[in-house]
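Peer 1: Numbering follows the working numbering, with no gaps: position 127 of the sequence shown is 140.
It is worth saying that the hints were derived from the structure and are not from the lab.
A hint or two may mislead.
[To be verified] Derived lysine-lysine pairs resembling DSS-like cross-links, with alpha carbons at most 30 Å apart:
{"id": "1", "residue 1": "LYS102", "residue 2": "LYS55"}
{"id": "2", "residue 1": "LYS152", "residue 2": "LYS102"}
{"id": "3", "residue 1": "LYS172", "residue 2": "LYS152"}
{"id": "4", "residue 1": "LYS102", "residue 2": "LYS172"}
{"id": "5", "residue 1": "LYS55", "residue 2": "LYS172"}
{"id": "6", "residue 1": "LYS55", "residue 2": "LYS152"}
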Amino acid sequence: MSSVKQSAIGRRKMLAGAGLLGTSLLGTGLAGSSARAQQRVKTGTVEIEQVQVAFIGSGNLGGGTLFFQGRSYRFTVGGLGIGGFGVSKMQATGDVYNLRELRQFPGAYGQARYGVVVGDQSAGELWLENPNGVLINLKGRRTGLALSLGADAVIIDFK
């Protein structure tokens, strides 16, 4: 087998593995979100600005502010995704649920998304959940040009 074919097969296996990782994150986090819908307790809000760049795999970076117990906390948003192409910018606000202590907020969040963005035509909703049971429901607006499908692992950390 030629090295070009082996390389293509290796890339496919890597993307398939990344897809399984994303599906696992969604299975452990977001699948239970709807079942726990009655157990959500709103405990804060967030404002986020993020830029996403994608070509087959995707990456994003940005930041935001958590408003919790009368104070504000700046944080960074980063992560890796599966699928898509293009560049888009998202501005979002949202509600935070089930955050009892500040230390529960940072970490890895599972994210489900499916969407197309052209110009400034897209508005949507997004749910994130971390292993601590903290849920973030974002309502945002994207600008740019992007097509994306799949799951993301989003990392949130304080500045």
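Peer 1: Now, for every hint given, state plainly whether the structure supports it.
Peer 2: Structure-based check of each hint:
1. At roughly 26 Å between alpha-carbon atoms, LYS102 and LYS55 fall within 30 Å of each other, so this suggested pair holds.
2. Taking the CA atoms of LYS152 and LYS102, the gap is about 14 Å. The hint holds against a cut of 30 Å.
3. With a C-alpha separation of about 23 Å, the suggested pairing of LYS172 with LYS152 holds against the 30 Å cut-off.
4. Our distance criterion of 30 Å between C-alpha atoms is met by LYS102 and LYS172, whose separation comes to about 21 Å.
5. At most 30 Å may separate the alpha-carbon atoms for a hinted pair to count; LYS55 and LYS172 meet this at roughly 23 Å.
6. With a CA separation close to 15 Å, the supplied pair LYS55 and LYS152 stays within the 30 Å bound.
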